[in-house]
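Chemist: Turn these sequences into a full structure, and let the hints guide you.
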Amino acid sequence: FSAFDPAEGAENVPLDSNIAFTITDTASGIDRDSLVFEVDGVDVAAAAETTITGSNQQLRVEYDPPEDFDYLQSVDVRLQVADNEGNVAPGAGQFHSYSFTAIGPPTFFIAGIVSDADGNPEPDVRVEAGGLFAMTDAQGQYQITGLAAGNYTVVPSKDDRSFQPEERAVTLGPSAVAIDFTVYQGFDISGSVLTDEGDPLAGVRVSDGLHSVVTGPDGLWEISDVPAGTYTVTPTLDGWVFTPSDITVTVNATQGGSAGNEFVAALQTFGITGTIRSLTGARLAGIQVEALQNDTLVATATTNANGVYGLTGLAPGTYTVRAVSTAYAFDPEERVIDIATDTADVDFVGAMLYSMTVPAGLSFVGVPVEPLDDDPAAVFGADADIARWDPQLADYRMAPSASPIMQVAPGRGFWVRTDGALDLDTPGQIFGNDQSLTLNAERTWNMFANPYDRDLPWEQLNIPAGSPASTYGFIYDTEANTYRLVSTTIGLGARTIVPRHNGFWLRSGAATQVVINAPGAAPASAEVAAAAARKPAPDAWIIPIVARAAGALDACSYAGVLPGAASNPAAYQMDNPPAIAPYVDLYFIGDGGRALAVDVRENAPMQTWQFAVTTDIPGARVELQLPDLSEVPTDKAVYLVDEAAGKRLYARTLT
1035 FSAFDPAEGA ENVPLDSNIA FTITDTASGI DRDSLVFEVD GVDVAAAAET
1085 TITGSNQQLR VEYDPPEDFD YLQSVDVRLQ VADNEGNVAP GAGQFHSYSF
1135 TAIGPPTFFI AGIVSDADGN PEPDVRVEAG GLFAMTDAQG QYQITGLAAG
1185 NYTVVPSKDD RSFQPEERAV TLGPSAVAID FTVYQGFDIS GSVLTDEGDP
1235 LAGVRVSDGL HSVVTGPDGL WEISDVPAGT YTVTPTLDGW VFTPSDITVT
1285 VNATQGGSAG NEFVAALQTF GITGTIRSLT GARLAGIQVE ALQNDTLVAT
1335 ATTNANGVYG LTGLAPGTYT VRAVSTAYAF DPEERVIDIA TDTADVDFVG
1385 AMLYSMTVPA GLSFVGVPVE PLDDDPAAVF GADADIARWD PQLADYRMAP
1435 SASPIMQVAP GRGFWVRTDG ALDLDTPGQI FGNDQSLTLN AERTWNMFAN
1485 PYDRDLPWEQ LNIPAGSPAS TYGFIYDTEA NTYRLVSTTI GLGARTIVPR
1535 HNGFWLRSGA ATQVVINAPG AAPASAEVAA AAARKPAPDA WIIPIVARAA
1585 GALDACSYAG VLPGAASNPA AYQMDNPPAI APYVDLYFIG DGGRALAVDV
1635 RENAPMQTWQ FAVTTDIPGA RVELQLPDLS EVPTDKAVYL VDEAAGKRLY
1685 ARTLT
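Just so you know, we're using my numbering here: the sequence shown kicks off at 1035 and counts up by one.
Keep in mind that the hints were calculated from the coordinates and are not lab data.
In this text, all values refer to a predicted model and were calculated from it rather than measured experimentally.
Glycine residues also receive a C-beta, built at the ideal position from the N, C-alpha and C atoms.
Check before you lean on any hint, since a few could be wrong.
Claimed, not checked - Okay, derived cross-link-like pairs now, EDC-like style, lysine to aspartate or glutamate, Cα gap no bigger than 20 Å in a straight line:
| hint | residue 1 | residue 2 |
| --- | --- | --- |
| 1 | 1681 | 1657 |
| 2 | 1569 | 1665 |
| 3 | 1192 | 1233 |
| 4 | 1569 | 1669 |
| 5 | 1670 | 1636 |
| 6 | 1192 | 1158 |
| 7 | 1192 | 1152 |
| 8 | 1569 | 1657 |
| 9 | 1670 | 1573 |
| 10 | 1192 | 1222 |
Stated by the list, open to error - Pairwise CB distance ranges, derived in the manner of DEER restraints:
| hint | residue 1 | residue 2 | range |
| --- | --- | --- | --- |
| 11 | 1366 | 1499 | 30 to 38 Å |
| 12 | 1468 | 1329 | 40 to 48 Å |
| 13 | 1207 | 1284 | 42 to 50 Å |
| 14 | 1211 | 1139 | 32 to 40 Å |
| 15 | 1263 | 1366 | 26 to 34 Å |
| 16 | 1327 | 1151 | 52 to 60 Å |
| 17 | 1505 | 1360 | 19 to 27 Å |
| 18 | 1104 | 1349 | 52 to 60 Å |
| 19 | 1564 | 1670 | 23 to 31 Å |
Modeler: Shown next, in the form of structure tokens:
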């Protein structure tokens, strides 16, 4: 190999150069197909850009790269070839390697003069551009060389001197000349920044409008070598406010520089405001609002008569804001707020806490509140057993349940069983005594409840004549573990009110609506209670029958005769309510096998009532009582017949 172009190790090779060399063999000749010609690791021997000319004894090879070389690119070349007898040059497994370097980019210079206002040259001025610099000579001249084409900012500097202009923008390619500056006396403006606690504050940017510096750990700052003039010096740092906000200084040859300019910094604080309203939109006064940061209380406020609060003095950051009251629960319970400025409309809705107690054991209850959370577990607690009858399912649903029938609302009754008494604080809107309520009754039994925070007189249920809904209901006596009849039916002696917090069963023969008229503040009618009271007479007497089994009790079964049953027998035939485990259930067997809790008829010389007793308690001993026969006329004999055993007992002698 010989006649390399560019030469081996050549520098400043033009970017558009070709690569050429000569191969000579004076013996058997050159095997062209064996040529290896690598450029930067790529074999170009067979490339379209490669031309080979000459004879078998001498070839000229030339490669025209498809792209120019980069500035200062180092190009590596490897060569190998064999003759027609298989001899390899420079040797088997060896290559002739060399490299060359492309020319560097063109360089330019920036030149100019620095002089004072009278034209006198200023020596020893450092003039910088693009990381390079030059010093002015005795004639004030400078020249910065070796700069590539591009944009530059030229900046002169010298202690106690200022320059006009302070810097100049230059574009090179070609070189730039007459980049001149005028020098003036320079002055320093300096001072410090301290916190309101007297500590130095680092990181504050201090500016005179043209120049700026940043304070170090010592809180000191100095703007050096500014021209004579009047400046407004302003400090800035995110999250801080400064006193004074700025200082005006004048520097000149007479007064010199300006020192001792001090700023006091205080953390910038912001406020959070909002409104607290009730569920009805009323504004709530006197509610305490807290702001916490990292679980530490940092600020409090109290709502005014308009329900508005304002938390102040809060540094930028993240806060948890919550309303606090023993009488209300709030939605949301808390809000997380990131503040970097004053923040408004951080509002809450307050729901009054309604307090009530559910006794230990089994209770049939209602809550006179539209709760914020209508999940029964949220109202009665996750540890309580909660059930509600689904008329369409004809069975109980147990909490937890996604069924809408399990949502707590005024007028809805629930079975609640708990080991201990439950003290409930339910957030929500109390159902007003001046509000009427429409109940949607399904065919068969429905679990309703007194929706008011007072006893509900039964006469407030608007059940018109001909309605498929029953005119009676059943509440549950938690202390006695038995149902109690509620009815205004004349002479029956039933209870005539549904106590506060009590649920009640109501039966309907078809889907219908029952309206509970708002009771207001009026007490239950004494006249209604008097009409419903028992008035024993030869044609008006009641026999209660009681069943017991292993602690379960059914004391809500009545047989007897009353005059009203003659004209309206259906009013005195009352269906037996659903039992709830563990139970003993006594019911009369009416027409068609109808199960009755109350079977009162018109008077007749002889009457027979057939009844049955069931229990879900395996192996339980069942006891029957006729606890009060005092209303039965003395000329009547009362017998109890056990149809299965064939026993007939005279009831008046039973103990």
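Chemist: None of the hints should be skipped; say for each whether it holds.
Modeler: For each hint, the structure was consulted:
1. Distance restraint check for residue 1681 and residue 1657: the Cα-Cα separation of roughly 15 Å lies within the 20 Å cut-off, and the hinted pair is therefore satisfied.
2. For the suggested pair residue 1569 and residue 1665, the alpha carbons sit about 9 Å apart, so the restraint of at most 20 Å is met.
3. Distance hint between residue 1192 and residue 1233 is unfulfilled; the C-alpha atoms sit about 33 Å from each other, more than 20 Å.
4. The hinted pair formed by residue 1569 and residue 1669 meets the criterion: a straight-line CA distance of about 18 Å does not exceed 20 Å.
5. Taking the CA atoms of residue 1670 and residue 1636, the gap is about 15 Å. The hint holds against a cut of 20 Å.
6. About 8 Å separates the Cα atoms of residue 1192 and residue 1158, which keeps this hinted pair within 20 Å; it holds.
7. Proximity of residue 1192 to residue 1152 is assessed by CA-CA distance (about 18 Å); at most 20 Å being required, the pair is judged to hold.
8. At most 20 Å may separate the alpha-carbon atoms for a hinted pair to count; residue 1569 and residue 1657 exceed this at roughly 29 Å.
9. A hinted pair counts as satisfied when its Cα atoms are at most 20 Å apart, and residue 1670 with residue 1573 qualifies at roughly 11 Å.
10. Restraint check for residue 1192 and residue 1222: the C-alpha separation of about 13 Å stays at or below 20 Å, so the hint holds.
11. For residue 1366 paired with residue 1499, a C-beta distance near 50 Å fails the hint of 30 to 38 Å.
12. Between residue 1468 and residue 1329, the C-beta spacing of about 44 Å keeps the proposed range 40 to 48 Å intact.
13. In this structure the supplied range 42 to 50 Å holds for residue 1207 paired with residue 1284, their Cβ-Cβ distance being about 43 Å.
14. For residue 1211 and residue 1139, the Cβ-Cβ distance of about 20 Å falls outside the hinted range of 32 to 40 Å, so the restraint is violated.
15. The hint said 26 to 34 Å for the Cβ distance between residue 1263 and residue 1366, and at roughly 57 Å that hint is violated.
16. Between residue 1327 and residue 1151 the beta carbon distance is about 59 Å. The supplied range of 52 to 60 Å therefore holds.
17. About 43 Å separates the C-beta atoms of residue 1505 and residue 1360, a value inconsistent with the hinted range of 19 to 27 Å.
18. Judged by the Cβ atoms, the range 52 to 60 Å given for residue 1104 and residue 1349 holds: they are separated by roughly 54 Å.
19. Residue 1564 and residue 1670 have their C-beta atoms about 27 Å apart, which keeps the hinted 23 to 31 Å range intact.
Checked against the numbered hints given earlier, the structure breaks hints 3, 8, 11, 14, 15 and 17 and satisfies all the rest.
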